[in-house]
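So the sequence lines, in the order shown, correspond to chains A and B.
In terms of the numbering used here, the first sequence has 117 at position 117, counting the first letter as 1, and numbering is strictly consecutive.
In terms of the numbering used here, the second sequence has 105 at position 105, counting the first letter as 1, and numbering is strictly consecutive.
Since the hints were made in silico from the structure, they are not lab data.
All residues carry an ideal CB built from backbone N, CA and C; glycine is no exception.
Please note: incorrect hints may appear among the correct ones.
Claimed, not checked - With a cut-off of at most 27 Å between alpha-carbon atoms, the simulated DSS-like pairs for lysine-lysine come out as follows:
#1 LYS180/A <-> LYS207/B
#2 LYS73/A <-> LYS110/A
#3 LYS110/A <-> LYS94/B
#4 LYS64/A <-> LYS110/A
#5 LYS100/A <-> LYS6/A
#6 LYS100/A <-> LYS207/B
#7 LYS95/B <-> LYS249/B
#8 LYS166/A <-> LYS110/A
#9 LYS188/B <-> LYS100/A
#10 LYS64/A <-> LYS284/B
#11 LYS95/B <-> LYS9/B
#12 LYS9/B <-> LYS73/A
#13 LYS249/B <-> LYS6/A
#14 LYS73/A <-> LYS100/A
#15 LYS100/A <-> LYS52/B
#16 LYS94/B <-> LYS249/B
#17 LYS106/A <-> LYS121/A
#18 LYS207/B <-> LYS284/B
#19 LYS73/A <-> LYS188/B
#20 LYS188/B <-> LYS207/B
#21 LYS166/A <-> LYS177/A
#22 LYS121/A <-> LYS100/A
#23 LYS110/A <-> LYS121/A
#24 LYS110/A <-> LYS177/A
#25 LYS106/A <-> LYS188/B
#26 LYS64/A <-> LYS121/A
#27 LYS52/B <-> LYS249/B
As the list claims (entries may be wrong) - Quick partial rundown of chain B residues pointing at chain A, CB under 7 Å, derived from the structure:
#28 GLY194
#29 HIS200
#30 ASP220
Unchecked claim - Computed far set for chain A versus chain B, every beta-carbon distance over 12 Å:
#31 VAL79
#32 SER97
#33 LYS100
#34 LEU171
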Amino acid sequence: MALEFKNVVKRVGADIHIYPTDLTIEPGGFNILLGTTLSGKTSLIQLMAGLEHPTSGEVWFDGKDVTGVSVQKRNVSMVHQQFINYPNFSVYDNIASPLKVARMSKADIKARVGQVAELLKLTPMLDRRPLELSGGQQQRTALARALVKDSDLVLLDEPLANLDYKLREELRDELPKMFKGRGATVVYATSEPGEALLLGGHTAALHEGRVTQFGETARVYRQPQDLISAQVFSDPPINTCRVTKRDGRFHLNGTSSWPVGPAHAALSDGPFVMAIRPHQVTPAEMAPPAEAVRVEGTVLVTELSGSESVVRFNLEGDTWISQSQGIHAAPVGTRAAFHVDTSQCLYFNVEDHRIAV
Amino acid sequence: MARKTTNQKAWFLVVPVVVLVAFNAVIPLMTVVNYSVQETFGDNVFFWEGVKWYEQVLHSARFHASLLRQITFTGIILAIEIPLGVAIALTMPKKGFWVSVCLVLMALPLLIPWNVVGAMWNIYALPELGLLGRIINGLGINYNFTQQPIAAWFTTIMMDVWHWTSLVVLLAYAGLRSIPDAYYQAAKIDGASGWAVFRHIQLPKMKRVLTIAILLRFMDSFMIYTEPFVLTGGGPGNSTTFLSIDLVKVALGQFDLGPAAAMSLIYFLIVLLTSWVFYTLMMKNEEQ
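Looking at chain B on its own, in the form it has when it is part of the complex (with noise of 0.2 Å):
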């Protein structure tokens, strides 16, 4: 019987890939799962507290506010942004010159780093100075993004929806496009109107580009941190303090290291739980 010969050199060959997913995953994840369950002094000195943290985390009412916050904004945007895409990406031309033209337009806005976005909106919307903030505030209406909590969030949903809406409608027209004439012809043939073939052939093919739409959507609106960082500060007052915003307050500017973390990490979970539900539930319906 032949023996079976062992070779460990072939541990070497993964070791790059250890290393990566250690110094890029693993390691910075454990450092916050270090200080969520521990108090930290100067000189790096550690006392354990458990889940204390994470208890004082969950029943604060500051969290609670930024996290209802953050629902909304992420509620609101979705909200306009996957229908406004789906409506532009139907309007869309389908062959010709145009074509080429609307989609450099539509990838325009995601071009621009987000810092400058939100430079760009905060100038745009002062009430002064602004083309925006001057021509409603010349509407008669009274609008001051900086010191009327709506007005800040009508102008961060605005700037959110600029900046995104293309990314959907870019999704959303590769779906449209990758539909064969011929359903459009048997739709034709069978007398379908408008609208059915809207719900009953569009839509059913756009499903999975729209739900990868939703979900980049979701977990970069529930992340999102330096556009309104920008534009408001989180103001005014706490008013569009979202969840980044607030725990960036939490970690660098009053230095709670440990409820930080422990924040960071219930943070982290939400996102990841509501995307993995959302995702298993489309492509279950996907299934039946």
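Only chain A is shown next, with the shape it has when bound in the complex (with noise of 0.2 Å):
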């Protein structure tokens, strides 16, 4: 079903929370938010659900008006970022609860709970308090409240923000399978980058109370319409600088310059932003990709982890990180080479950041 939004905007007193806003998110699947914090995630989901009205605009769902509508006549569901169940509720009763209140028929609701308890493997813990379960376990008696119901809507709003990095990774690989065949559309909040890509689905990319892009997650990935989505979409932060076009070459300050593919063959003559990914940006001791062109600055922070470098660099006055594979010991104030992928170069418009073509 398809969740649409017609112009909303949502302004609380003299602040405005989510500018002038049109989105369709399709029905089924699964549907991302990406944003730092106070870029309008949660005011997004607030407003999907209905627990926020708009101050203007419309929200339809399934080809009905739904703008006024309370929440508790939109079959949604939601998991928020904070574990939230009730208290003195046992996980079973937990998940019975949205269950409870629709009136179901009690040997449903066993087998429906028994269901999902088996789907989230909280069947153990069945008896339990929430308070006596670890963070994973009481997130997923909230994601289990979440699936115990057929709703139509499903909004998960950081759900994994405050788990444990383990728990995290478990639980997002389980995600899209649980919610696999329900037909509900699924909205989830992160402020990840990676997360949205391993999640796949489609993505809108948040930026102020904007929605920067919206479309298949690979697609706004490689193909950002504009700088700010690039950079939503880019943990560590893209690299940018100024480039120029001219006889046929982008050149980087006179230092360096490399031929204009094809893709940028028609953009006229001039000043442009590139914009390279960290991974794309790798040491000069590294083999060179097939299209690349070597730049030189001056290393500011090196931070080596098991298997990967991250080194920070100063390129004529852009701080800009490189991201490789391997430790690459740069010693800090030194100058170093770096090989730039220009293949995978990101090319916007000096005025308004909008992708070049």
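Build the complex: two chains, separate frames, hints provided.
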């Protein structure tokens, strides 16, 4: 069932939480709201749920205008970042709570709860209270409450953010399976680009109360429409610098230049903002990519994890990040050379930061 | 092998605490224990009496009567103040200008000295002069708290409710404010009723603060002295003579130091034991 926002605005006092937004979310499947804190993810989720109502504009669901319809009548379920369960109910009663309100028969409730508990590996804990469970199990209980009633719309507001790393990975792998074949539209808010890529589906990039881009996750990642969307969808932050197109080549401050590829041949000569993801900037000692240009900068910080090196360096006044496999210890303060994969460079207009075509 | 050096000077560091605790708790308490097992005459002459005073107090009809009065009083004010405090906390605004107004209004009774509260209510409830007294009598009800035990009880309870419900309100309000909005949203999505939200979210989440509120109100009301002393002086007759008032009558009025000391210790143990049992039960319940 499609969820549609028509020119929706949300204002709270003098603050605008959501700027005019048009958004059509495809029925079924995973939809991701990707943005940093305060980008408007939670506001959008609340509007989708009907917990908040738009200041202006309309919300349509399944071909019906539901703008003023209260949350109880919308058949939605929601999981919050905090682990929200009824504290003095057992896990069983927690999972059963939406069904009890819906006055389902005892036998049906038992069957449904059993099934969902099995799926979420909660069967051994059904008699316990939420506070006796680990964080992961508490959140599984909350997820089970969202799954047990056949909602048309399932809203997940950073459900994994409060879990520790291992549990987060485990639950993230299971999430798409849980919702598979249920026909519910799932909306998942996250601040982690990596999570969006792993979950797939569609992604809306959000920035300061605006949806900057919406489309298939991989497409939004590979073909950002503007610099903001590219920045939202990059972790560590995407590298940017000014380049000038002249004589069939892009020039980086006269020091480096590379030929313009066929995709950008039609661009007029002049300045552009070039953006490149950190993992496409590799230390010079590694084998260069097929289309590469060499740049040099002063090393600011080097972070070495077990299998990965992250080097921050100053490139002509811009702070750039190189993220590469293996250990590449570049001493802080020295000049170091890197290869930029020019086949992956994105070019944006200088004026409006839209993608240059 | 290195010899372990001992430095006894460290004992000096704990001297201040030892002195403080001694003067503030141990010595006064032991003095009372001392009195409770001896007969005292003038010129500090003592005779060993063993548990005689304890037996006397525990078998005295007067002590039983005060204890019963005390338990009844504490039971009544807990039954009124806890639900009333929670109810008021639930109706208080959640944000905006009125929050501070409500909080200040609620805190006001708590800031008034106890004997002033007693004096205030004394004047307020006087049948001839007081606003409350005149209104009740104006309604055709014969009301005089200096002569009728029931009126005296009514006035004492009203006074305590007025003075102390705020404490429960403030604690319950703090408990309510600490519940994340997400709980209410989750309940809304489930379609839970207002009663269900109260019963299954607000009440369990307020459990800790309410435990504290009940404990504080139990201990305070069980030891109540100043307010009824000023309001009724324990009267009419003995009708509002609660344990503390009775204790002072025995100790200072009759100068029966032995029985008074024994009574103090029994009194102390009752408060301590009840609080301990209550707290343990609540916390045990929490763990399950």
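Hints and how they fare:
no.: 1; hint: LYS180/A <-> LYS207/B; result: violated (40 Å)
no.: 2; hint: LYS73/A <-> LYS110/A; result: holds (24 Å)
no.: 3; hint: LYS110/A <-> LYS94/B; result: violated (38 Å)
no.: 4; hint: LYS64/A <-> LYS110/A; result: violated (33 Å)
no.: 5; hint: LYS100/A <-> LYS6/A; result: violated (34 Å)
no.: 6; hint: LYS100/A <-> LYS207/B; result: holds (25 Å)
no.: 7; hint: LYS95/B <-> LYS249/B; result: violated (49 Å)
no.: 8; hint: LYS166/A <-> LYS110/A; result: violated (31 Å)
no.: 9; hint: LYS188/B <-> LYS100/A; result: holds (14 Å)
no.: 10; hint: LYS64/A <-> LYS284/B; result: violated (51 Å)
no.: 11; hint: LYS95/B <-> LYS9/B; result: violated (56 Å)
no.: 12; hint: LYS9/B <-> LYS73/A; result: violated (74 Å)
no.: 13; hint: LYS249/B <-> LYS6/A; result: violated (79 Å)
no.: 14; hint: LYS73/A <-> LYS100/A; result: holds (16 Å)
no.: 15; hint: LYS100/A <-> LYS52/B; result: violated (63 Å)
no.: 16; hint: LYS94/B <-> LYS249/B; result: violated (47 Å)
no.: 17; hint: LYS106/A <-> LYS121/A; result: holds (22 Å)
no.: 18; hint: LYS207/B <-> LYS284/B; result: holds (13 Å)
no.: 19; hint: LYS73/A <-> LYS188/B; result: holds (10 Å)
no.: 20; hint: LYS188/B <-> LYS207/B; result: holds (22 Å)
no.: 21; hint: LYS166/A <-> LYS177/A; result: holds (18 Å)
no.: 22; hint: LYS121/A <-> LYS100/A; result: holds (22 Å)
no.: 23; hint: LYS110/A <-> LYS121/A; result: holds (16 Å)
no.: 24; hint: LYS110/A <-> LYS177/A; result: holds (22 Å)
no.: 25; hint: LYS106/A <-> LYS188/B; result: holds (22 Å)
no.: 26; hint: LYS64/A <-> LYS121/A; result: violated (37 Å)
no.: 27; hint: LYS52/B <-> LYS249/B; result: holds (20 Å)
no.: 28; hint: GLY194; result: violated (12 Å)
no.: 29; hint: HIS200; result: holds (5 Å)
no.: 30; hint: ASP220; result: violated (28 Å)
no.: 31; hint: VAL79; result: violated (9 Å)
no.: 32; hint: SER97; result: violated (6 Å)
no.: 33; hint: LYS100; result: violated (9 Å)
no.: 34; hint: LEU171; result: holds (18 Å)
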